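K.L.:
For the record, the sequence lines run as chains A and B.
When we follow our numbering, the leftmost residue of the first sequence carries the number 38, and every step to the right adds one.
When we follow our numbering, the leftmost residue of the second sequence carries the number 91, and every step to the right adds one.
By construction, these hints were calculated from the structure, which means they are not laboratory data.
Owing to the predicted nature of the structure, the values given are computational and were not obtained by experimental measurement.
You can take every hint at face value.
Distance ranges between label pairs, derived from CB positions:
| no. | chain 1 | residue 1 | chain 2 | residue 2 | range |
| --- | --- | --- | --- | --- | --- |
| 1 | A | H219 | B | P199 | 21 to 31 Å |
| 2 | B | E165 | A | T230 | 29 to 39 Å |
| 3 | A | Q181 | B | P188 | 33 to 43 Å |
| 4 | B | P188 | A | L197 | 36 to 46 Å |
| 5 | B | Y97 | A | G95 | 43 to 53 Å |
| 6 | A | H219 | B | P188 | 41 to 51 Å |
| 7 | A | V295 | B | H104 | 34 to 44 Å |
| 8 | A | G202 | B | L149 | 27 to 37 Å |
| 9 | B | G286 | A | S193 | 48 to 58 Å |
| 10 | A | P133 | B | G219 | 57 to 67 Å |
Okay, derived cross-link-like pairs now, DSS-like style, lysine-lysine, Cα gap no bigger than 27 Å in a straight line:
| no. | chain 1 | residue 1 | chain 2 | residue 2 |
| --- | --- | --- | --- | --- |
| 11 | A | K190 | A | K157 |
| 12 | A | K298 | B | K167 |
| 13 | A | K298 | A | K157 |
| 14 | A | K224 | A | K119 |
| 15 | A | K224 | A | K136 |
| 16 | A | K157 | A | K187 |
| 17 | B | K167 | A | K261 |
| 18 | B | K162 | A | K298 |
| 19 | B | K162 | A | K119 |
| 20 | A | K261 | A | K292 |
| 21 | A | K298 | B | K156 |
| 22 | A | K292 | B | K167 |
| 23 | B | K243 | A | K87 |
Glycine is no exception: its CB is placed at the ideal position from the N, C-alpha and C atoms.
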Amino acid sequence: MVVSFGNLEELITLVNNVHGFDLSGYSRASLKRRVSRILTIYQIDFAGLKDSLVNSPGFFNEFLVEVTVNVTEMFRDPTFYKTLREEIHPYLATFPHIKVWSAGCATGEEVYSLAILFSKDGLYTRTFIYGTDINTAVLERAKQGIIDLKKMKVYSDNYLQTDSGDSLSEYYTAMYDSAIVHHELRKNILFSTHNLVSDGVFNEFQLITCRNVLIYFTADLQHKVVNLLYASLALFGFLCLGARETLPADGLRHKFRVISKTHNIYQKIA
Amino acid sequence: MLESNPYIANKLRHTGVLVLGCSAGGFKMLLTMLKALPANLPVGVLVVIHRNANYETHLEANLAAKCRIVVKVAEDKEPIRPATAYFAPAGYHLLVEPDRSLSLDTSEPVHFCRPSIDVTMQSAADVYGASTVAILLSGANQDGAEGMESVRKVDGLCIVQHPRDAEVETMPAAAIRKGAVDLTLTNGELIILSQGLSNHIFRN
Chain A
38 MVVSFGNLEE LITLVNNVHG FDLSGYSRAS LKRRVSRILT IYQIDFAGLK DSLVNSPGFF
98 NEFLVEVTVN VTEMFRDPTF YKTLREEIHP YLATFPHIKV WSAGCATGEE VYSLAILFSK
158 DGLYTRTFIY GTDINTAVLE RAKQGIIDLK KMKVYSDNYL QTDSGDSLSE YYTAMYDSAI
218 VHHELRKNIL FSTHNLVSDG VFNEFQLITC RNVLIYFTAD LQHKVVNLLY ASLALFGFLC
278 LGARETLPAD GLRHKFRVIS KTHNIYQKIA
Chain B
91 MLESNPYIAN KLRHTGVLVL GCSAGGFKML LTMLKALPAN LPVGVLVVIH RNANYETHLE
151 ANLAAKCRIV VKVAEDKEPI RPATAYFAPA GYHLLVEPDR SLSLDTSEPV HFCRPSIDVT
211 MQSAADVYGA STVAILLSGA NQDGAEGMES VRKVDGLCIV QHPRDAEVET MPAAAIRKGA
271 VDLTLTNGEL IILSQGLSNH IFRN
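Put together the whole structure using the sequences plus the hints.
P.N.:
And the structure:
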């Protein structure tokens, strides 16, 4: 089932009015695919969707899980993680405490990837990682630290390509068809809801990763969110965007130094 | 060949965007077509090929030097300009926004593919409607067939490489089986179409 761009605007207004949730800054092309997908999953038409959003308690949370993209991987873009270890970790090592924010972390694969690499470089004991997302349901999964064992094959390959020299299996225990991330890697992690659209600065970080999140926002919202990320960074802290996301060309750009053009890693310098 | 069919000629005249999809065995033909496209092409070209995200290629840079149109990797939120080919980056779907800018998307692979030809064709059809021209070349899976169907549904023009000329016929054959094809062209005809495309398209 397919919705029109007109339907989409109607839906955005309804969701804002009924649930106080602002989707107006989301890229329409992607949103359209997500909403069409929801109609197919629930076998409802557009009128049915509106009805459920207004009248079915609890449906909104399900809608929110499906309307946003929660696809993630451990060590997605392995060379990014390699660069992080080689270029950023030595710098982070000079801090007594390291605070990290993984913004838009979905089911937490990136957070655990970071925890593994920080642990490998002896940084983890003085690091605290915040993983945030708008969805409470995906965060519940993230908290469990349980990953589908079938996916671990791909993640292990990714990990090998980070040139870390050991095997990913050192960091999890396989049980039936699940991989459970080792407990000591989960100690310094907090998963919590945060909405990049409507929530503000909640801490000051030495490292922020916000990868493949901005692409779901319009150019205007991207600007706003990058400002929030900038304001959340300590001076000389690092910002990591997705492989295909660059800093918007506006006043903020001169406040960052490019650490890696390939991997879109920036350092706040002013 | 094309002028003789008034329906096709009229469709080509109103081309708003060109979407090219290919996979296994279609690569060489895709390059030949891109090289044949004229510098004054009045529309943008969206290119989706299947490739592995974990291997860096310099395909676009190499190709840019050999083409008369601009060839680049698609960037998020960049406007679609004429005489420019935008390649979907490995690992991302390529979508079209209502304001005719591009968006990248890392949602689930479709038919095991990301980028998926289906996704880009559907999205282009959503925005460009009847002025969408989709061309599907050689490939070893079903990707593209549903995309062609969406383009057909909005009265766009759907062209496939003749399965006989395709190194791997699965992809064009799947689109033909779905009844989603207006024109089946040989390699020679595809090259002539590319070379003369600017002359077919009405400019105001």
